[in-house]
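J.: Next come the chains, spelled out residue by residue.
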Amino acid sequence: MFYREAGDFKTSYQDDNQTFPIKFDRYRYYFVLFVAFAIIPFMINDYWVNAVFLPFLIYTIAAIGLNILTGYCGQVSLGTGGFMAVGAYAVYKLMTLFPEVNVLIHIVLAGVVTAGVGVLFGLPSLRIKGFYLAVATLAAQFFLVWMFNRVPWFYNYSASGQISAPERTFLGEVITGPETEAWAAYLVCLVFVTLSAILARNLTRGSLGRKWMAIRDMDIAAEIIGVNPLGAKLSAFAISSFFVGVSGALFFAVYLGAVEVGEVFGINKSFLVLFMIIIGGLGSIFGSFAGAAFLVLLPVFLKNVLVGGLGWPTDLAAHLEFMIVGGLIIVFLIAEPHGLAQLWRVTKEKLRLWPFPH
Amino acid sequence: MKTKLLTSLLAGIVAAAPAFAELTFSSLSYRTGPYAANGIPLADGYADYMTLLNERDGGIGGVKTRVIECETGYNTEKGVECYEATKGEGVLVYEPYSTGMTYQLIPKTAADGIALHTGGYGRTSAKNGEVFRNVFNYPANYWDGASGAINHLLDVNGGNISGKKVALVYHNSAYGKEPIRTLEVLAEKHGYELSLLPVDHPGQEQKSQWLQIRRDRPDYVLMWGWGVMNQVAIQEAVNIRFPMENFIGVWWSGSENDVLPAGPKANGYKSLTFHGVGNEFPVLDDIKKYVVDAGKAAGAGDQVGTVLYNRGMYMAMLHSEAARTAQNMTGNSDVSQGDMIKAMEAFEMTEAKMVDLGLPNFGPSFKVTCQNHGGDGLVAVAQWDANAGAWNMISDYKQSDQSVVAKLIAEDSAAYAAENNITPNCN
Chain A
1 MFYREAGDFK TSYQDDNQTF PIKFDRYRYY FVLFVAFAII PFMINDYWVN AVFLPFLIYT
61 IAAIGLNILT GYCGQVSLGT GGFMAVGAYA VYKLMTLFPE VNVLIHIVLA GVVTAGVGVL
121 FGLPSLRIKG FYLAVATLAA QFFLVWMFNR VPWFYNYSAS GQISAPERTF LGEVITGPET
181 EAWAAYLVCL VFVTLSAILA RNLTRGSLGR KWMAIRDMDI AAEIIGVNPL GAKLSAFAIS
241 SFFVGVSGAL FFAVYLGAVE VGEVFGINKS FLVLFMIIIG GLGSIFGSFA GAAFLVLLPV
301 FLKNVLVGGL GWPTDLAAHL EFMIVGGLII VFLIAEPHGL AQLWRVTKEK LRLWPFPH
Chain B
1 MKTKLLTSLL AGIVAAAPAF AELTFSSLSY RTGPYAANGI PLADGYADYM TLLNERDGGI
61 GGVKTRVIEC ETGYNTEKGV ECYEATKGEG VLVYEPYSTG MTYQLIPKTA ADGIALHTGG
121 YGRTSAKNGE VFRNVFNYPA NYWDGASGAI NHLLDVNGGN ISGKKVALVY HNSAYGKEPI
181 RTLEVLAEKH GYELSLLPVD HPGQEQKSQW LQIRRDRPDY VLMWGWGVMN QVAIQEAVNI
241 RFPMENFIGV WWSGSENDVL PAGPKANGYK SLTFHGVGNE FPVLDDIKKY VVDAGKAAGA
301 GDQVGTVLYN RGMYMAMLHS EAARTAQNMT GNSDVSQGDM IKAMEAFEMT EAKMVDLGLP
361 NFGPSFKVTC QNHGGDGLVA VAQWDANAGA WNMISDYKQS DQSVVAKLIA EDSAAYAAEN
421 NITPNCN
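One line per chain: the protein sequences are A and B, in this order.
If you count the first sequence from 1, position 213 lands on 213 in the working numbering, and the numbers rise without skipping.
If you count the second sequence from 1, position 378 lands on 378 in the working numbering, and the numbers rise without skipping.
Treat the hints as calculated values from the structure; they're not laboratory data.
A few of these clues could be false.
[Stated by the list, open to error] Restraint ranges, calculated between C-beta atoms of paired labels, are given here:
(1) Ala418(B) x Lys129(A): 49 to 55 Å
(2) Pro261(B) x Phe143(A): 31 to 37 Å
(3) Phe170(A) x Pro360(B): 35 to 41 Å
(4) Pro152(A) x Ile394(B): 33 to 39 Å
(5) Ala294(B) x Ile330(A): 39 to 45 Å
(6) Pro360(B) x Leu104(A): 56 to 62 Å
(7) Lys342(B) x Pro152(A): 34 to 40 Å
(8) Val112(A) x Thr350(B): 57 to 63 Å
(9) His319(A) x Pro360(B): 46 to 52 Å
(10) Gly327(A) x Asn427(B): 41 to 47 Å
(11) Met43(A) x Pro360(B): 51 to 57 Å
[Said to hold, decoys possible] Here are some chain A residues pointing at chain B (derived, C-beta under 10 Å):
(12) Val49
(13) Ala136
(14) Asn149
(15) Glu260
(16) Gly266
(17) Val300
(18) Leu316
(19) Glu321
Yeah, the Cβ is synthetic: ideal placement off N, Cα and C, and Gly gets one too.
Build the full structure now, drawing on both the sequences and the hints.
T.: And the structure:
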């Protein structure tokens, strides 16, 4: 009824090609941005930020990164945890080596460092594909974690091997360390998420994204029509790792503040982010948001309902949480094998016709 | 969906809003995951002692205690969630039973002005209270443990262990890495040869480490393990027929749950301890009578008297006594988070007090000062008797090598102070 193109006339190519061509969709997007930037920062406290928003936003960046590689370019990666660790350790080394430089620049640079490491581990993708590539990236995961545990230079020779984020400010406001205000940490992550999503969205619908998708759909055909697999695959690894590195840097510097590489960036993290994009939807930016929300918010929500609301024992609730989340994953994937993003797409198609379907 | 989620999250927070005139404690427990075997008795002991105080004495100084339990699964992200969820409820002291989580909570609790107690674990240099104002790690720390283990080896060998080979099997994390520096300094002093064998989280895979031990034949093996890693290591040691009396675990690698799976062959395995073992203490009878038999136990009630249950109960006793000290200091029955830090800094545990509490000869007497948040580092050794199914103390409480430990603590805490712009002070 209100969700349709009819009457929404475009008079320029720019208008025609915008991300949200439907007026209602566009206003909804502006509304979400408005709420996220102008309302939520005034309402949140430490709990909301540290338990809900920061993990959601940071995992979203990681999921966008992995989605570029796996969803758009078709290269399966199990090295996400390792690449996040690269981002975290890079930002730690940069923060401690160059304390006078702003930490936001360090976070971006950490992404650049991770992009370099990603390209290095992406080289085998030129020869091997599918499950074999997954195993090669698994090697990256284990090697990187082992290296950060093994080489004391990375953790500045501290006795415990832990890295802790020193306090850093931006425009006089503390954004890392324990004195950080809830809204400041939230806004930092929100800005990074917004920029990442816009960047990723525009990359994936430009020529680069089309090359990635051509490689994903059939690499030999893509090569015949003139897509250079070397450039396409390595650019996917580089840009994907950039986002993953930024998320790892934020994960360490803004969210956790102290990190132990084996526990935080282990193989579980790689699987978690992979599950996020599978549940959210491969090859969709919205899917990255949906998947991250599903796997971050649902356990917190269930815990609050079962323990806080119903007063059940914590261990019973923790076990039930696994069962419910696992069950819901199966239900959602049976209902829509292409993820939450596809559910959303189908809903939108139906809404266009509603209330007069053919 | 979204609004529903928000409202139920809100409801969850509102439902747990603080009730007045209660002494609130937190239990960041892990009853699930690879560390559950050790996490369950710890959490049970803590909760049961607090319940006992309510049931038998009507609380502390007439004020009931309340324990908020939050499941962390030994996972730092969940730990952060738990901390943020509970800190607004006036929790007096946090005790995460996880060194990784301790590293996160040290700056956070310092910023929020809440006490953090890490008895027998955590960041060792927190003993220096001039730098770590709100962090306490009495009665003993990892470096005391490392030194205590070497002292035991010295005792066994008549004071000379030069040329002996000592291997350290450790959990490859902040926890397991803590003793390395101390052991290295002690190796220089006593002339033994140290080799390091890291085991990655969660520690189920240790074949290669024990193969190396079989090849290198070290005279002694020390272990810094936790959770499922302990059981696997002891089983592997049995498999390669390593003499059990030469295998010494830190106090986190010395509970019944760790040795029982290996059966009778685990006989003779040694573990360090900083408190008494066994179920011969009067307070445990009270717990059975007022808590377990009354059906108010936190767990199944089958853990009473085990090593880790006793440790959880010991921590609860130290916290509740600190709260009592705070009541005496301020004259108010209600204790604030700031009062608790002051009380813990002036805390004193004496043998007379422990006898009153039904814990005669259970732990060392110590006195906390601003300069010393860590007690005197008294460490004893216990040995597993597989036939009787019990741990027996085989040494007295002996002080660790303070000439080594104190120097390392001063170095490490000074480094922390410099990193975080803290001026060491006692005001």
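J.: Measuring from the C-beta of Val300(A) to each C-beta in chain B, is the shortest one below 10 Å?
T.: holds (7 Å)
J.: Is 41 to 47 Å right for how far apart the beta carbons of Gly327(A) and Asn427(B) are?
T.: Violated: the Cβ-Cβ distance is about 56 Å, outside 41 to 47 Å.
J.: Look at the Cβ atoms of Pro360(B) and Leu104(A) and judge whether their distance stays inside 56 to 62 Å.
T.: holds (59 Å)
J.: Given a hinted range of 35 to 41 Å, is it respected by the beta-carbon distance of Phe170(A) and Pro360(B)?
T.: With a Cβ separation near 57 Å, Phe170(A) and Pro360(B) fall outside 35 to 41 Å, so the hint is violated.
J.: Does the hinted range 31 to 37 Å hold for Pro261(B) and Phe143(A) at CB?
T.: Given about 33 Å between the Cβ atoms, the range holds.
J.: Using the nearest Cβ pair, does Asn149(A) come within less than 10 Å of chain B?
T.: At about 6 Å, which falls below the 10 Å cut-off, the nearest Cβ of chain B leaves the hint on Asn149(A) intact, so it holds.
J.: Mind checking the CB of Val49(A) against every CB in chain B and telling me if the closest is under 10 Å?
T.: Holds, about 8 Å.
J.: At a threshold of 10 Å, is the proposed contact between Glu260(A) and chain B supported by beta-carbon distances?
T.: The hint holds - Glu260(A) has a Cβ within 10 Å of chain B, the shortest such distance being about 5 Å.
J.: Looking only at beta-carbon atoms, does the pair Val112(A), Thr350(B) fall within the given range of 57 to 63 Å?
T.: holds (59 Å)
J.: Checking hints one by one. Is Gly266(A) an interface residue toward chain B, by the C-beta closer than 10 Å rule?
T.: holds (7 Å)
J.: That 46 to 52 Å hint for His319(A) and Pro360(B) (C-beta), does it hold up?
T.: Because 39 Å falls outside the window, the suggested range is violated.
J.: Does the CB of Glu321(A) sit less than 10 Å away from some CB of chain B?
T.: holds (9 Å)
Of the numbered hints stated above, those contradicted by the structure are hints 3, 9, 10, 13, listed in ascending order.
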